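Make the full structure from the sequences, and use the hints.
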Amino acid sequence: MSKVTVIGAGNVGATCANVLTMNNIADEVIMLDVREGFAEGKAMDMNQCNKMLNIKTKLEGVTNQYEKTANSDVVVITSGVPRKPGMTREELIGVNAGIVNSVCGSVLKYSPNAILVVIANPMDTMTYLTLKSTKLPKNRIIGMGGLLDSSRFIYNLSNALNVPAIEIDAMVIGGHGDTTMIPLISKATAKGSLVAASLSAEKQEEVVKATMVGGATLTALLGTSAWYAPGTAGAMVCDAILKDKKVLIPSCVYLDGEYNQKDICIGVPAVIGKNGVEKIEQISLTEQEQELFAKSAEAVRSMNNVLVEMKLV
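Residue 242 in this note's numbering is what sits at position 54 of the sequence shown, and the numbering runs on without skipping anything.
Any given hint could be a false lead.
As the list claims (entries may be wrong) - Taking lysine to any residue and the SDA-like style, the derived pairs with C-alpha atoms no more than 20 Å apart in a straight line are: (1) LYS375 with ASN347; (2) LYS191 with ASN235; (3) LYS230 with THR420; (4) LYS239 with ASN211; (5) LYS323 with PRO300; (6) LYS326 with ASN463.
Said to hold, decoys possible - Pair by pair, the computed Cβ-Cβ distance ranges are: (7) PRO300 with LEU241: 32 to 38 Å; (8) SER290 with ALA385: 47 to 53 Å; (9) ASN252 with ALA385: 37 to 43 Å; (10) ASN211 with SER381: 43 to 49 Å; (11) GLY282 with ASP215: 34 to 40 Å; (12) THR412 with ALA353: 36 to 42 Å; (13) GLU446 with SER374: 17 to 23 Å; (14) GLU486 with ALA389: 22 to 28 Å; (15) SER374 with SER413: 26 to 32 Å; (16) VAL222 with ILE354: 36 to 42 Å; (17) SER381 with LYS433: 40 to 46 Å.
Rather than coming from a laboratory, the hints here were simulated on the basis of the structure.
Quantities reported herein were computed from a predicted structural model and do not represent experimental measurements.
Here a beta-carbon is modelled for each residue, glycine too, at the ideal position from N, C-alpha and C.
Dropping the structure here:
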């Protein structure tokens, strides 16, 4: 019997739970929120789809009842606040660090062997905090950012090439931010052929730029952060773990010498299976990509230093 807990029943958390249940990925899903009755209401709404969609997964919404999360195989952490106008990054990190630390302590009390999937922002820094504060083995902490960014990259390539997204393979590495992510256009393929052979240099640059501001573009259109793709990406990481797929997923993971980086959580291709991070895949990067990755790591470390200054790690 497989069990997933989703912490946070907001847009991203609810979408993650919905995708998990609609695709019968787990036998049981617990969705927990701090707002009285909020997760219960969303779970009730979703459960009323069960007959129509042939859903077998048991879904339950709870308010702060961490005992209900006991024996979870995977815990997805979406809780946290978005950055508000006038809020400094230090303030955002401070607020969300407190939330993430509290959540981790509560879920691990009841599910000490769970693999943690972090979606809370700033994602790279919250993943690093989770690893340091819980002292769990590094394979059990996965930041979900690379899969989302890669999906947005594929979406933009699909539009530029007029090729279905399912026929495109492309990856984004580096930090999960609009100035730190690195869409690997040199390695992207469509129907097995390199994209670089089909798109002009100008068009390639357009696709890369559109990918890097993908989150901001959606926020401007929606008036809030996106949720369908982020929630689905979280569910797909759970799927890889629960079904031991050993599939390559760009993920925010702890590096200890890989890609010439140490003591940092940042996006790289990783094999995800029943043990969480099964292997960090070392792929060849161009000289420019290596330089961009080093700059991205420097920017992520700058964010992590806020944790040090606040004595959170």
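Verification of the hints:
{"no.": "1", "hint": "LYS375 with ASN347", "verdict": "holds, 18 Å"}
{"no.": "2", "hint": "LYS191 with ASN235", "verdict": "holds, 17 Å"}
{"no.": "3", "hint": "LYS230 with THR420", "verdict": "holds, 17 Å"}
{"no.": "4", "hint": "LYS239 with ASN211", "verdict": "holds, 13 Å"}
{"no.": "5", "hint": "LYS323 with PRO300", "verdict": "holds, 12 Å"}
{"no.": "6", "hint": "LYS326 with ASN463", "verdict": "holds, 10 Å"}
{"no.": "7", "hint": "PRO300 with LEU241: 32 to 38 Å", "verdict": "holds, 34 Å"}
{"no.": "8", "hint": "SER290 with ALA385: 47 to 53 Å", "verdict": "holds, 50 Å"}
{"no.": "9", "hint": "ASN252 with ALA385: 37 to 43 Å", "verdict": "violated, 54 Å"}
{"no.": "10", "hint": "ASN211 with SER381: 43 to 49 Å", "verdict": "violated, 31 Å"}
{"no.": "11", "hint": "GLY282 with ASP215: 34 to 40 Å", "verdict": "holds, 37 Å"}
{"no.": "12", "hint": "THR412 with ALA353: 36 to 42 Å", "verdict": "violated, 24 Å"}
{"no.": "13", "hint": "GLU446 with SER374: 17 to 23 Å", "verdict": "holds, 20 Å"}
{"no.": "14", "hint": "GLU486 with ALA389: 22 to 28 Å", "verdict": "holds, 27 Å"}
{"no.": "15", "hint": "SER374 with SER413: 26 to 32 Å", "verdict": "holds, 30 Å"}
{"no.": "16", "hint": "VAL222 with ILE354: 36 to 42 Å", "verdict": "holds, 38 Å"}
{"no.": "17", "hint": "SER381 with LYS433: 40 to 46 Å", "verdict": "violated, 26 Å"}
The structure does not agree with the numbered hints 9, 10, 12 and 17 stated previously, though it agrees with the rest.
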